[in-house]
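Undergrad: My request is simple: use the sequences and hints to build the entire structure.
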Amino acid sequence: MTTSPAILAIGVVDAHGVHGTSGLRSSWNELGGESPGDRRTFTKLFGRRDPTFRRLDGQTRAIVLAAEACGISQVLSVEERDETALITETSRGSIEIDLRYTRSLERDVVEAAIFPYTLQSTCLGDIALRHGLRGPTVCLSTETTDEGEALREAQRFFAAGALRHAVVALTDVQTESIPSADRTARSVVCVLSSDPKATSIVPWPQASKRPFEGLAEACYARSANQ
Amino acid sequence: MSRSVFIAGRGAVSGYGAGLDILVEGIFSGLRAVRPRARTLAFQALTDVAAELPAGCLGEEVAEIELPLRMAVHAGQAALDEAGASDRSNLDLILATTKAELSGLGSADNEAQPPTRPPTHPTAGLGFPARLAQRIATQLRLRGVASSVSTACASGVTALAMAERRIASGEAERILVVGTDALNRFIMTGFGGMGILDPEPCRPFDLSRRGISLGEGAGAMLLSADARESIGVRIAGHGGANDACHVTGCDREGGGVERAVRRALEHARVAPADIDLIHLHGTGTKANDFSEATGIGKAFGGTSALAFGTKSQTGHTLGAAGLIESLIAIAALERSCVPANAGLIEPNVDPLLQLARDNEALTRSRRALKIAGGFGGIQQAMVFEA
Chain A
0 MTTSPAILAI GVVDAHGVHG TSGLRSSWNE LGGESPGDRR TFTKLFGRRD
50 PTFRRLDGQT RAIVLAAEAC GISQVLSVEE RDETALITET SRGSIEIDLR
100 YTRSLERDVV EAAIFPYTLQ STCLGDIALR HGLRGPTVCL STETTDEGEA
150 LREAQRFFAA GALRHAVVAL TDVQTESIPS ADRTARSVVC VLSSDPKATS
200 IVPWPQASKR PFEGLAEACY ARSANQ
Chain B
0 MSRSVFIAGR GAVSGYGAGL DILVEGIFSG LRAVRPRART LAFQALTDVA
50 AELPAGCLGE EVAEIELPLR MAVHAGQAAL DEAGASDRSN LDLILATTKA
100 ELSGLGSADN EAQPPTRPPT HPTAGLGFPA RLAQRIATQL RLRGVASSVS
150 TACASGVTAL AMAERRIASG EAERILVVGT DALNRFIMTG FGGMGILDPE
200 PCRPFDLSRR GISLGEGAGA MLLSADARES IGVRIAGHGG ANDACHVTGC
250 DREGGGVERA VRRALEHARV APADIDLIHL HGTGTKANDF SEATGIGKAF
300 GGTSALAFGT KSQTGHTLGA AGLIESLIAI AALERSCVPA NAGLIEPNVD
350 PLLQLARDNE ALTRSRRALK IAGGFGGIQQ AMVFEA
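Chains as they are written, first to last, in numbering that gives the first Met the number 0: chain A, 0 to 225; chain B, 0 to 385.
Please note that a few of the clues may not be correct.
Okay, the calculated bits of chain B under chain A, using three or more residues with CB under 8 Å as the criterion [as the list claims (entries may be wrong)]: (1) 62 to 73; (2) 143 to 151; (3) 231 to 243.
Each pair of labels, with its calculated beta carbon distance range [to be verified]: (4) B/Ala37 with A/Arg38: 39 to 45 Å; (5) A/Asn28 with B/Ser3: 42 to 48 Å; (6) B/Ser85 with A/Gln73: 50 to 56 Å.
Interface residues of chain A toward chain B, partial, derived using beta-carbon atoms under 10 Å [to be verified]: (7) Tyr100; (8) Thr121; (9) Leu139.
Quick caveat, the hints were computed from the structure, so don't treat them as lab data. All residues carry an ideal CB built from backbone N, CA and C; glycine is no exception.
TA: Structure below.
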């Protein structure tokens with residue numbers, strides 16, 4: 000882990016809105032509602048219907064929107080995406096679906112269809128499917144939010160020479176209050192490249208204590224200048 | 000810098016009981032730990048069988064919600080003991096699990112046994128891998144970094160691959176990798192609701208298969224950069240892939256499996272002909288069986304090495320499966336023998352997958368290929384070399 004990877008693109012979904020280096024910039028005031036959006040958000044943002052978006056849980060909705068805002072297909076070819084890893088970190092996991100599924104158990108009306116989404120990695124399947132990411136897939140669970148572990152894991156992949164590109168994400172979504180836990184609904188997605196010829200659009204967040212927050216700020220600054 | 004990564008210690012807890020020996024003996028003697036349900040009979044599921052941990056095998060009665068921790072600590076301690084790892088001051092942990100100690104989130108089944116939890120943690124009262132990793136590290140007195148990964152049923156092999164990368168690069172000298180998952184109402188009802196539980200003990204790759212059997216357990220491996228600590232086996236390579244064709248289903252053409260196997264072989268710098276045995280994911284669903292067999296056939300470009308799966312014996316232990324089954328693959332290398340696929344009578348998959356019908360002695364037992372898959376299209380493959 001010597002040279003920092005190049006950051007090719009960033010997408011953010013947070014309390015402010017949906018922003019991305021693809022040029023997408025929209026606030027929740029404009030969109031109506033709040034993070035991570037509702038079943039209509041995708042159509043409002045992208046002007047096209049998505050057959051599955053309305054059925055997605057909050058965690059998946061956040062990462063799907065952030066990945067779209069990132070503009071993965073603008074920076075990675077189809078062939079490159081075949082060899083691109085998908086790495087995420089989360090401190091809240093699939094807590095929303097866990098709670099909803101458990102309530103269905105208690106009512107004895109089991110929501111079997113949502114059970115697969117109680118597994119943290121399932122929402123990654125949605126991203127892989129939408130963007131044709133066929134490299135290794137890793138979902139890390141962290142004690143606290145924004146530890147940057149997914150970024151470090153991407154660097155390890157690059158250092159091992161296993162691949163040249165990675166889509167790396169932070170996703171923490173919990174729209175319902177539980178004891179001792181604030182509500183949050185945030186996803187930051189970035190595309191990294193180990194190619195020494197690749198040009199980074201923002202500096203690598205080396206000294207940042209919360210690296211994804213640093214990436215989100217860089218994304219805002221860049222989209223404000225576009 | 001890239002160093003070899005050796006297996007230095009092993010431990011397991013399974014439906015056979017506590018210990019690696021009892022697991023390996025059970026597998027090679029054809030016994031099935033998938034039995035009529037007992038503890039889990041407290042909740043409804045569309046099957047009469049599961050590979051539950053035998054009552055009392057950890058020395059005392061353990062509340063269901065504490066099983067993932069207790070099984071992980073037992074398996075982890077055994078791995079440390081085998082390696083003689085007395086210095087734990089800088090020892091890292093990587094935990095593989097699907098739902099950690101989640102046990103119905105305080106549903107009526109568990110009210111009588113409230114869990115002891117740090118009350119200030121954001122996910123207090125909920126199962127969460129990162130917190131379970133911290134609890135395991137504390138109990139085993141590991142003072143290095145505790146990480147956790149949850150890639151569904153591929154978690155175990157994913158965790159081994161993560162540990163290999165860290166040791167090979169020089170970032171760590173030794174890492175304890177533990178996979179653990181327990182059966183509870185949440186899990187059994189979920190899989191039952193998906194309609195993929197076989198009402199009888201499962202029969203992967205067989206014409207009469209009807210789905211999976213669930214199990215619980217923990218597996219552990221201590222990985223080390225020091226060849227002197229090795230049990231005689233190293234991780235030669237690994238590869239991951241995503242089917243990217245369905246969120247929960249498999250690629251019927253086996254694309255993800257094929258890519259994962261090819262990448263693992265490439266990483267290990269070996270050819271398909273260098274593989275002597277394959278431990279399959281083998282869940283017992285038609286979709287998985289077809290996908291896995293087809294993918295392996297494509298990656299091998301012809302008839303595969305002798306292959307077997309053990310979920311008809313251990314049940315599907317979810318996040319623990321990758322560790323438990325890798326331990327069995329290593330045992331097969333050590334014994335120069337591939338155990339029979341229990342319950343397999345009439346194979347019904349791509350014939351290029353060479354399935355073991357009886358315990359079959361190997362003329363060469365140098366390399367084993369382990370395959371694992373999980374929801375989200377995740378596929379993993381790993382090559383162990385003796």
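Undergrad: Confirm or reject the claim that asparagine 28 of chain A and serine 3 of chain B have a C-beta distance inside 42 to 48 Å.
TA: Because 57 Å falls outside the window, the suggested range is violated.
Undergrad: State whether the coverage of the stretch 62 to 73 of chain B by chain A holds or is violated, taking the criterion as 3 or more residues with Cβ-Cβ distances under 8 Å.
TA: violated (count 0)
Undergrad: Using Cβ atoms only, decide whether threonine 121 of chain A comes closer than 10 Å to chain B, and label the hint accordingly.
TA: Result: holds, 5 Å to nearest chain B Cβ.
Undergrad: Using Cβ atoms only, decide whether leucine 139 of chain A comes closer than 10 Å to chain B, and label the hint accordingly.
TA: Given a least distance of 6 Å, the restraint on leucine 139 of chain A holds.
Undergrad: Quick one: see if chain A covers the stretch 231 to 243 of chain B, three-plus residues with Cβ-Cβ under 8 Å.
TA: Satisfied; 6 residues make the cut.
Undergrad: Quick check: do three or more residues in the stretch 143 to 151 of chain B have a beta carbon closer than 8 Å to a beta carbon of chain A?
TA: Holds: 6 residues of the stretch 143 to 151 of chain B have a Cβ under 8 Å from chain A.
Undergrad: Taking the beta carbons of alanine 37 of chain B and arginine 38 of chain A, is their distance inside 39 to 45 Å?
TA: Distance hint for alanine 37 of chain B, arginine 38 of chain A holds at roughly 44 Å.
Undergrad: Holds or violated: 50 to 56 Å for the Cβ distance of serine 85 of chain B and glutamine 73 of chain A?
TA: holds, 54 Å
Undergrad: Please verify that hint: tyrosine 100 of chain A, Cβ, nearest Cβ of chain B, below 10 Å or not.
TA: Status holds, d = 7 Å.
Checked against the numbered hints above, the structure violates hints 1 and 5; every other hint is satisfied.
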